[in-house]
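Colleague: Take these sequences, add in the hints, and give me the full structure.
2 protein chains.
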Amino acid sequence: MKIALVQLNFVVGDVRGNSEKILAGLGRAASAGASLAIFSELAVVGYPPRDLLLKPEFVRANVKAVQQIAESCRGIACLVGFVEENKESLGRSLRNAVAYCAEGRVQQVCHKSLLPTYDVFDEERYFEPGPPVSLINHEGVSLGVSICEDLWNDEQLIGRRLYHEDPVGRLATAGADLIINVSASPFGHEKHDFRIRLFGSQARRHRRPIIFVNQVGGNDELVFDGASAVFNERGQVVAQGGAFQEDMLLVDLAAPDSWRLDPYPVDIAHIHDALVLGTRDYVHKCGFRKVVLGLSGGVDSAVTAAIATEALGPEAVTGVAMPSRYSSTHSLTDAEDLARNLGIDYKVIPISPIHDTFEEYLKPNFADCPPDITEENIQARIRGVLLMALSNKFGWLLLTTGNKSELAVGYCTLYGDMCGGLAVIGDVPKTMVYRLARHINERAGREMVPESTITKPPSAELRPDQTDQDSLPPYEVLDRILEQYITEEKSAGEIIAAGFEAETVHKVIRLVDLSEYKRKQAALCLKVTSRAFGVGRRMPIAARFRYE
Amino acid sequence: MKIALVQLNFVVGDVRGNSEKILAGLGRAASAGASLAIFSELAVVGYPPRDLLLKPEFVRANVKAVQQIAESCRGIACLVGFVEENKESLGRSLRNAVAYCAEGRVQQVCHKSLLPTYDVFDEERYFEPGPPVSLINHEGVSLGVSICEDLWNDEQLIGRRLYHEDPVGRLATAGADLIINVSASPFGHEKHDFRIRLFGSQARRHRRPIIFVNQVGGNDELVFDGASAVFNERGQVVAQGGAFQEDMLLVDLAAPDSWRLDPYPVDIAHIHDALVLGTRDYVHKCGFRKVVLGLSGGVDSAVTAAIATEALGPEAVTGVAMPSRYSSTHSLTDAEDLARNLGIDYKVIPISPIHDTFEEYLKPNFADCPPDITEENIQARIRGVLLMALSNKFGWLLLTTGNKSELAVGYCTLYGDMCGGLAVIGDVPKTMVYRLARHINERAGREMVPESTITKPPSAELRPDQTDQDSLPPYEVLDRILEQYITEEKSAGEIIAAGFEAETVHKVIRLVDLSEYKRKQAALCLKVTSRAFGVGRRMPIAARFRYE
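Read top to bottom, the protein sequences are chains A and B. All residue numbers for the first sequence refer to my numbering, where the first residue is 61 and numbers rise by one. All residue numbers for the second sequence refer to my numbering, where the first residue is 61 and numbers rise by one.
Careful: at least some of the hints might be erroneous.
Said to hold, decoys possible - 30 Å max Cα-Cα, derived DSS-like pairs, lysine-lysine:
1. K567(B) to K350(A)
2. K580(B) to K407(A)
3. K567(B) to K407(A)
To be verified - Some but not every residue of chain B turned toward chain A, in silico, with C-beta under 7 Å:
4. L114
5. L150
6. L222
7. F605
Treat the hints as calculated values from the structure; they're not laboratory data. The beta-carbon is built from N, C-alpha and C at its ideal position, and this holds for glycine as well.
Modeller: Given below as structure tokens:
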């Protein structure tokens, strides 16, 4: 028996387009001789559909699409994720479901039992957990179908188990020959390694092979990495599809030697690939072809520009330098070098005359107040207005270039450098931005990000001779404090006890807490760490919570 | 037996401050001769605490606070909402709990069973549902304690019941003499009426009196309206505390004739009161004393200014007129009249010279492109920069003045008129804004919002002779389409079938869908309708979902 693991890149909500993709995939699987094609979780609607699920019209369209897909299942069967209406009169009105389609109709439907409702996930908002497990008899092989989180309840590997049920254990006990896990599992730094261990552990425990089929592609802030895989009953990965790309992995159960095992990119390379895919998909799925961004000569805008260029091609990227009275010469030359290295369009618009006019008309209102952060912000906001003007005039999506460290401590200007639809590196800490810059140059085999951009001291250049370290601790220190405070949810006391200077820790935490209002209005940040700003981190703003 | 219903205004996260409030309330209740004081849901932490709940330090502080409150319970008992750690090894790590404190210690803890996870609520993200109900014996009276949603599962009144359990039914069956419902139930238009019917229905069904204690105050976008109440076993409201204010309602069970029954403001008055409270609390809880806003001479900024003045006092509000080359004379006079009527500070900063400078420096980049929306947006963004400069320089919170109708169809400029920390009327449809304007004048007994502001045709004045109705249907039509599409989740076909012009419906829906990216970065909108933009409406952006 041949099984095709079909990992596709879906557009959220686009039931028609997604169905066409699924039908095309089904055709390819049939041509390759597969008797079963497996698609990812909620394939018909794309994951995550979010509040589109509250539209009855949307749910009906997806049910109809599954019926049409089923009608095409002749000579081949498929497992396809969709949203099912809950026919019971009690409980939430939908279920996260997988249809087993064969012989022209939906033969059986399986439901997700464990509904993640943490981090970026909101499944209890929509779905009723599935009724107990049923097996699917596919040509004499008993398939146990689980959906994503159903398998993420491993006693040994999950710190605290959130669920009282163990659907995969039940499938095994019920006599499944093969466990199938249909997923939409988002990418995260080092998450692939964990996934391999988790699936391996489950396969070993239940002494069953597991087939994992994942979604691929960027949907808003989430990037799905694909890398669908097969694990044998000893828990080894024995087949793996491509990462960060659409793929069909064909496994002939009778001929394990023929299976393909694609490598998964390691460390900084997978961050890079995730950002490239996430950027490309966000831009294209929003209906844009081109982007614009400000080039300061610094490493953040350089890395953002390089990723955009990789994602969209140099002809789709315009970089704009907007020197102020405080810009150094090297800023302009670094920006220009970068644009030349990348082969992107490059513009220069000086902001000093506009800045002067603002100051003139604000002066009567500012009276004798000394210059402060206000004047710095005005410069950043003039740049925002200019970039948005280009965006509006030419239909280019504006990319914002801030990194996670500065977004964390509010070292950024709302309606200024925070303008833009997508924060490409908004979940990348500054220290990792430098590693990305090095990686981009190594990957290209030549200088893309200028060496001087990487080596000079970082500066916002909003006042004379300013550097980031005038007001922030060194980024190596800052990033380690932020990791503990934001990702690990440690208290000030615990971070200080781990060896950091008390004054610095308190200052950083205070800045993080005070900046929630900025992040409330920030652009989407492509999520690459386990705790990103955005939908997976939900903080109150008008709040107070210091205990030391 | 005397029971004190103590409705307080908490700051989210401020365990120390909230505890002090609770202790003071306990003192007042004891002085009044109460044997039991009842506080609202999660009183110690303020509702909703959101992801502060993921901080172990925060949860520990709240547990400690409850113990301290319990120690003060001598000669009086209390029921107080807090977050309890779930001691079981399986399941989510917290519970939404109420402590019964008496004789100096926590005697008993009750848990919330029904965890709302829809609209603005995310309780399954944090809490494990409570173990089965236990009664509390307070001086011989058997108290059945439920927490907010526990009671919102009425067969007759709730369209589709989401839950399989009926905690209030269980409390009644177990022999509770009195049902207590400890709540943090946010305000909504016409929700108070529904609440009265719901509690009445439950009281009748179980033939038990119900005591409802609600939180009061604004926390970010949510406004809690208080109006704590007592229902007799026939389902009648027999006592009610003040709405939109802190209050202590004392009920002597032996003397029902002595109970106070405060009126609840009707219709547009309750929207007004909610916005005033929400604005005051957001500004103060964020640590600001003063606000600034742009005055266009139109009804949106006029109503926003009037609400801010009511909330904070005229000395705390600065209105800024920023006329452009397209501004009419009446805009300036209307703005000036408004400022005079309200007694607020008033500034004029013309934007034409700045606009000219922008155009000059953008010209080489715009080549021969004809003027379009770009030039309109530049004006709105210049105003944003000016207002933010005043905000930064003087520490005034910027209020944004857009209404729900324009936010729905994207008739607003990102980083322009959308600048600001709080959208006071961001959940108020335009037709309701006019009603608010009339109400404000009637309430004051004189003209606050100038009559000409109310009667002239609305215009953004971003190009010559522009009016809103050049590009939008009349607001009476627009608001009815938006209500059906956004709140009722109806399809285009259903709205057209209800009697609206097909072309208009498709155009409006397209505008709503295309504007998700703007709303992603919008200011917090004070929620007054059942479906507000913000945390309770979670839409994908890079999505497609048209089926006609």
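Colleague: Are there hints from earlier that the structure breaks, and if so, what are their numbers?
Modeller: Checked against the structure, the only hint that fails is number 3, while the rest are satisfied.
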